[in-house]
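Same order as they appear, the protein sequences are chains A and B. Positions 1 to 123 (my numbering) are the ones given, in order, by the first sequence. Positions 1 to 356 (my numbering) are the ones given, in order, by the second sequence.
Keep in mind that the hints are not guaranteed to be accurate.
[Claimed, not checked] Reference excerpt, derived from the structure (chain B facing chain A, CB under 8 Å, subset only): (1) P43; (2) D186; (3) L194; (4) L293; (5) L294; (6) P296; (7) T297; (8) E310; (9) L314; (10) D320.
[Said to hold, decoys possible] So the derived label-pair ranges between C-beta atoms look like this: (11) B:R121 with A:I69: 34 to 44 Å; (12) B:P113 with A:H23: 47 to 57 Å; (13) B:M1 with A:R81: 47 to 57 Å; (14) B:P113 with A:L87: 31 to 41 Å.
[Unchecked claim] Which stretches of chain B does chain A cover? Using the computed rule of at least three CB atoms under 8 Å from a CB of chain A, they are: (15) 45 to 53; (16) 220 to 226; (17) 323 to 330.
No lab work stands behind these hints, which were simulated from the structure alone. We put the beta carbon where it would ideally sit given N, CA and C, even for glycine.
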Amino acid sequence: MSAPTPEEAARLAEERAAAAREHGGYAEAPPSFEVSPAAEIGDWRITEWAMIEPDPAKAYSTRRAGTPITWLKRGLLRLLRQYHDDLAGQQSRFNAHMAAHVMRLDERVRELEQQLEAERRGA
Amino acid sequence: MRIQQVLCAAGPVDAVTNQAFACRRLFGSWGWGGEDASAVLAPGMDRRAVRPLSSLRPGPDDVVLVHYSGYATGLERLMELPNRLVVISHNVTPARYFWAYEPIDGLRCALSPAQLAELARAADVAAGVSEFNAAELRRAGARDVRVIPILFERDRMGPPSPPAERRRGPPTVVFVGRLAPHKRQDLVIRAFALYRAEHAPDARLVLVGTPLAPAFAASLARLAEEVAPGAVTFERGLAPEALWERYRSADAFLCLSEHEGFCIPLLEAFHFGVPVIARPIGGIPEVVGDAGLLVPTDDEDGIDLAVVAELLHLAVSEPDLATELRRRGEARLGAYGLHPTAARLRAALEGTEAPA
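Excised from the complex, chain A in its bound form (with noise of 0.2 Å):
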């Protein structure tokens, strides 16, 4: 048998896979999770977000010659660490009292769409 053409390539993989698949191939277990592609952002990633840790690394320099400026940089931040982890500390504060803000706000919203759900239904 030759070779498919490129344009032929398509329907060829869709036969076999059919045929396949009649032979019992192709029967992926799912995986046991997803990797959603615009997954909506739970509860868990908001938490995780509130309490902030900002990364030392991110201090750094990319002028010429910058290896130094980037250990001046760290070395003031070793040096001002208790001031910028109270600084953290209340960020960190503000932003869980938000999160858990939003997901009493979430909460009640699940309550009353059940709610009106049902009273549709009564009615």
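Fit chain B to the supplied structure of chain A, relying on the hints for placement.
Then chain B, alone, in the frame of chain A:
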């Protein structure tokens, strides 16, 4: 002539940054000067090569060339300058793909269409790197819309390996692109796992790309370990030579993205003679033309992974088909030759008619 190039974000392994550098080399060969600036400089970006946007001070006769790839602050002032303004849209990914992993990137993408539309309307020439991107600029109401594909510098990539050498090891499938939800590496992994289970138990998959977020990369790694244990390699931050080696050792290039404005790796795969299998979405059909195997899709652009696995098998196991795809890929690169693209870019910058 002096061209001041503006990037929304510059990074050491960023495709748009590399395009700006390719343009700069071209301008240099024409004897044109100018500098490159960016609204955001990623870690590792050399400030000698790209300066902060805030330091950009174009001269009265300079042309400002914006490579648009996402919302950035500071671009508004470019529209107020009296200079000739040319905007090239490199495509913006829909925001929905980013919310769950990098909401700040999502926000940038959500703000981008309005900013791009404003820039495009203010520009003397607004260009898309593909007709798919150009259509977006026309909808935005830009005056002079053109297509200026990416500058593809084949001579910097070295030769492909001969097909005989390619088939010495186990079948290798490769995809190159940022590890991001819209690139659907999860589908690439699952289709590869089916191919491996049905046809080639020793096959390998190489995914090259910087992750959008550690959580997304971890999800992909977990999926790979579950459906194709030990067969999937993730690589990032490769130097150009190392990247070219990945293509040279590949038997097929598999792209199942849900959104692509152009997809430069398709041209790289053509250059290295790697058969391409791709989902016909966004700018992909016009880039691939008849030189790749396009995956059949349903009404909602969905695909059957078993069909993808069969296409992989055909591309790897049918030498005549692979040879024909290599021949067509080489012919396809003719449409993306450096000289025709350079002529289009020059016409846009000089304000002359686009060459046919």
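**Q.** Structure versus earlier hints - violations, ascending order
**A.** Those not satisfied come down to hint 7.
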